[in-house]
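K.L.:
Two independent chains are provided; combine them into the complex using the hints.
Single-letter residue listing:
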Amino acid sequence: MRTGVRNANQVRQVNPGGPRPRLPGGTALLMLLLATSAGQAAAQVDTIPGTVRHLGVVYESYVPTLAISTFTGRFGGLTVAPRVEAVIARDLRYSDRFEMMDSIPLAPGGGAVDYGLWDQFGADWLVTGQVEGLGDRFVLVLELHDVVFSEVRERARFSLPRPDAEDFRMAVHAISDDVVRWITGEPGMAASRICFSMESASGSQELYVVDSDGENLRRLTNFNSLTMSCSWSPDGSRLAFLSFASEDPAIHEMELATGQSRVLEFNRTGQPMTPVYHPNGEEILFSLADGAESGLFSWRVRENCCLWRLTGGRWNDLSPTFSPDGRRLAFNSNRLGVAIPQIYVMPAEAGGRPDLVSPYLYGQGGYYTSPDWAPSGDRVAFHGRYRRGSYHILIADVAAQGQRLLQLTYEGNNEDPSWAPDGRHLVFVGERDWGFGLFVVDTVSGRIRSVLSGVRPRVPDWSPSLASSQPPTREN
Amino acid sequence: MLHRSLIISVVAAGLFVAACGQEEIPPPPPPPVEEGPNQDSIDAARRAAEEAARRAAEEEARRAAALEAAREALTAMVFFDFDMAEIRNDAEGVLQQKVDVLRASPAVRLRIEGHADERGSSEYNLALGSRRAEAVRQFLVNAGLGESRFEVRSYGEERPREQGSNEQSWAQNRRDEFVITAGGNQIQVPGGGQ
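Protein chains in written order, with the numbering used here: chain A, 6 to 481; chain B, 7 to 200.
Chain B extracted, bound-state conformation (with noise of 0.2 Å):
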């Protein structure tokens, strides 16, 4: 008994050692040792082991939501004024992110979709996709990421995500999407302490 819930709580301890790391609080110290079994050390035990388990969960869907946070980080979309392929100032600190992200996750490989919205004419706007993905490839490719990690595509105006001929919708259609094409199941939270 008193070996098994040792051993929950040294298991609880490194998995949580794993995914936090120095974040949060170490583990409770094991329960006290008691002569024989009784009542009490197997309540005891059994509230240590349950103990263990909720911290383990809790520690897990931190984990998860720390991983869902960075798989966001990674297909976050950047969008773009008219006509432009300039990186704005907005999307600055998204792209940051992603750079975070994939330092930490050398496994990952992501494809960068340009998309512009339906004004002006559908093959330039192949043109003008390719240029807003390209932009962001270097802007990543410029922050020490290896550049066979990134592969860029456009669907210039023809995959819009709002349908509105509106100015509101077009600036919603001005963007880069990011699609994870590798290293999916290996994304490292950054700052995650390995």
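Extracted from the complex, chain A is given alone in its bound form (with noise of 0.2 Å):
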């Protein structure tokens, strides 16, 4: 089963005459690619429109197992050695890219691993980590080792912030997004954060970040008014967002180090709205509201000038979200009416035709919004719902125009999904029947976490890597 089975591109691949790939346990989730065609969507009432036909069903084909073994201490290191692994492991799990066996403790004596009896426990993967006091400092190293072929595959050194630093988990994320890399050459999310905006204990709606896996939530803003629709920028240094705290409401921009904000001055009448950052991290997309038209604008954040037009009309145009590349654009509109928004992406060029990749249908509705192009390019997140259905939320493949959709979740309300830097989770605001939540998706196994509950959270948006430039000291 294991056998070859090694790197990402083999696991993502889906072999339509090989055998049938095994399903993990517990976490089987079917899957269902829809296609939308007009006649059949008809018959429908309230779920999104399409023909439930199965083009693909698994999409998982294989899941590595991947043991922790206790991490260890030397000269003091092992009082900090079981917060180190309990961070690391977790953000593991929330990789959602391993079936976890946590906290299996090694062989007595310690010593060498026995790999023949790792192999007997069903793991793919090792990992074992000893943390080492160096004065008041501490110094991480940790191995990860190949089962299946009995040996280690990295080993490297990190140091580590003083425990009761404020930067001491974001450090051990970051680790986790190593090993993450080391295994599937892919990018993790643990060392990340999201910002949305809820409201404060006196009564104002503010901005808040919390960390991916849930931890360190605090407020950012304390305008005591209305605050939303943070946008990070790509490096996660700053933060765009709309304010109602001055006279008008205004699109701000935070420097995240100080905390110091300042308010964009486009010297243009009219309600501005949806800031995001062009992956340049120079320009800001907004939308703009004056009269009865609306349109796209961009603002160029360093210079503090040029405003610039995109696309706008006697309708509305908002949540913009760039393509990787900043080629393309993806926005909601509801230029074809008031109660039937929907997504369309087009060229990041003014006079660029836009292209539908919502299912619209002519005559039969539909409500698509708040879109966020995925950081793999070819994919756009959004929610919507058919007719009086519930608001859940769904991936659209940029190139079939609408004609191919994923929906994510199936219970209660879901809005304003936001990709992580991985490429493959997503959180977005959940509404249950004991309440609204932070919640995350995973795209590829279907699973869903909680990040947040019993808050109010609105408009998520998270951040890019915050893992800090420097690299690991690599031991081979």
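Check the hints yourself; a few may be wrong.
Chain A is faced by these chain B residues, among others (derived, beta-carbon under 10 Å) [claimed, not checked]:
{"#": "1", "residue": "Phe88"}
{"#": "2", "residue": "Leu134"}
{"#": "3", "residue": "Glu164"}
A few chain B positions that, by computed beta-carbon distances, are all more than 10 Å from chain A [unchecked claim]:
{"#": "4", "residue": "Val107"}
{"#": "5", "residue": "Leu132"}
{"#": "6", "residue": "Val185"}
Just so you have them, the derived chain A footprint on chain B, three or more residues with Cβ under 8 Å [stated by the list, open to error]:
{"#": "7", "region": "62 to 71"}
{"#": "8", "region": "135 to 146"}
Because the hints were derived from the structure by calculation, they are not lab data.
Every residue, glycine too, gets a C-beta built ideally from N, C-alpha and C.
P.N.:
Okay, structure coming up:
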């Protein structure tokens, strides 16, 4: 079963002619690719239009099993080792890329790894770690073992911040992302944060951030006003957002290191909303509603100049999102009717022709909003509903122009998806019987976990990777 | 004495005319003139003064009520159907009253604030709120009022009037609110006879 299936590309492959791959027990989820077609959709009342046709069922053909052996300590490192191990174990579980075997003690006496034993446990990969005290600092020596080939695949030393330092957890998250990259060759998302808005204790709506694992929730703004639609800069150092703190609603930009924010002055009437950064980090694209017209405008934040209109008209264009190469954008528009907003894709230049990617059918209605372009570049996530159905998270293939959709949620109402930097997970706001919360869905396995519950978050935006630029010392 | 009561009457009448114009009967005639000061004339003058003051107070109250009604007409909310920004039939009467007060009160300026219920996306509801505010602005401008007297703003779904998640609350939350941004002390009652 395990032989040879090692790298990410192979894992992702669906081999139509080959044997039916194993579905991991308990996580099996049929991912239905829905194809729209006008005739058949008419018969449905409130499900997302389309034929429920099984174009492909198995996404997750193979999930390797990863074991973590209890981290050890030297020179006083034992006090920190369990904390480091707990963070890494949970991060790897949340990566949804492995079947996890946690905290398995090493063979008595320690010493060499008994690969035969781990193989009998069913592990494909094994992570061992040792925390060494170094004065008041600590170093984690981490090893990734390939159990099948009975060898150490990676070995690296990571210096850790002081355990009581604010960046301690984030530094450990970055190590988890390194492990994910070692095994799969793909980016992780443990070292990241999610920004959203929420009502504060004093009743105003402020911006908050929380780490990707739901820890470290804190408030960012204290405008005592309505603040929403935060958007991370591509380097994770700044946030753009809408605030009603000044006399008129305005786009603000905040420097996260200092907490200082400033108002972007466009010298133009109308209400701005839904800012988003260009992948170059130097431009902000936003919607401006003025009179009966609205449109998407770009603004160069570094130079503080040059308002430039990309599209617009006697309707609302809003919630823009760039493709990762910055050459195209997706946005939400009600140009077909106020009650039937749709998702469009167009070249990121004035006069570009917008194409639908939401499943609009003439005369059939449908409400689709809040697009977010995937880091992989080929898909756009959004949410929507058909007629009086519930709101669900959907992903459209950009190339298929609304003809191929993947539905990710089936319970409650679900809004405002935003992609994780790993290009695989989405955060969204979910409404359940018991209330609202922030959820993360793995778009590959369909697994959903709660990040925050019992609060009413709005319009989350997932940060880019916040792993520090300092690479670990690798030892091979 | 005589002089004073006359002055009071005249002032009262003047106030009255200024306030309500033709709607009411004119003030009472001045009390009969008598020779020299005596108790009767003093009493009569006092009664007349009291009567005039009472009427003045009444008129003032009536005027204040009319003014309050005009102010309420300006700030009365209008409501919308789900996912729609079209002016409903039941909103036209409310808006026509605003037009009347705004015509009579050229100094008054309004901010029209559009709101949405909680369903749908937060960001799209900002756009929906701005369309609802804009629809009312168009109505007022089409009625011949100057565009510069209105600004529009949308709060989307973020400032509900009612917290419930049911149609009754949602219907109350799909609305335009009106804030007087200038000329609040210069509101004139429509048909006030200027």
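K.L.:
Under 10 Å, Cβ to Cβ, is where Glu164/B needs to be relative to chain A, so tell me if that hint holds or is violated.
P.N.:
Cβ of Glu164/B sits 5 Å from chain A, so the hint holds.
K.L.:
Would the stated hint for Phe88/B survive a check requiring a Cβ distance to chain A of less than 10 Å?
P.N.:
holds (8 Å)
K.L.:
Decide, holds or violated, for the assertion that all CB atoms of chain A are farther than 10 Å from the CB of Val107/B.
P.N.:
holds (23 Å)
K.L.:
Just to make sure I understand the rule, a stretch counts as covered if three or more of its residues have a C-beta closer than 8 Å to a C-beta of the chain. Does the region 62 to 71 of chain B meet that for chain A?
P.N.:
violated (count 0)
K.L.:
For Val185/B, is the shortest beta carbon distance to chain A beyond 10 Å?
P.N.:
Answer for Val185/B: holds, closest chain A Cβ roughly 13 Å.
K.L.:
Does Leu134/B pass the interface check with chain A, least Cβ-Cβ distance below 10 Å?
P.N.:
Because about 7 Å separates Leu134/B from the closest Cβ in chain A, which is inside the 10 Å limit, the hint holds.
K.L.:
Within the assertion that chain A covers the region 135 to 146 of chain B, do at least three residues meet a Cβ-to-Cβ distance smaller than 8 Å?
P.N.:
The restraint on the region 135 to 146 of chain B holds, since 5 of its residues have a Cβ under 8 Å from chain A and three suffice.
K.L.:
Would the non-interface assignment of Leu132/B survive a Cβ cutoff of 10 Å against chain A?
P.N.:
Not fine: 5 Å to the nearest Cβ puts Leu132/B too close to chain A.
Checked against the numbered hints listed earlier, the structure breaks hints 5, 7; every other hint is satisfied.
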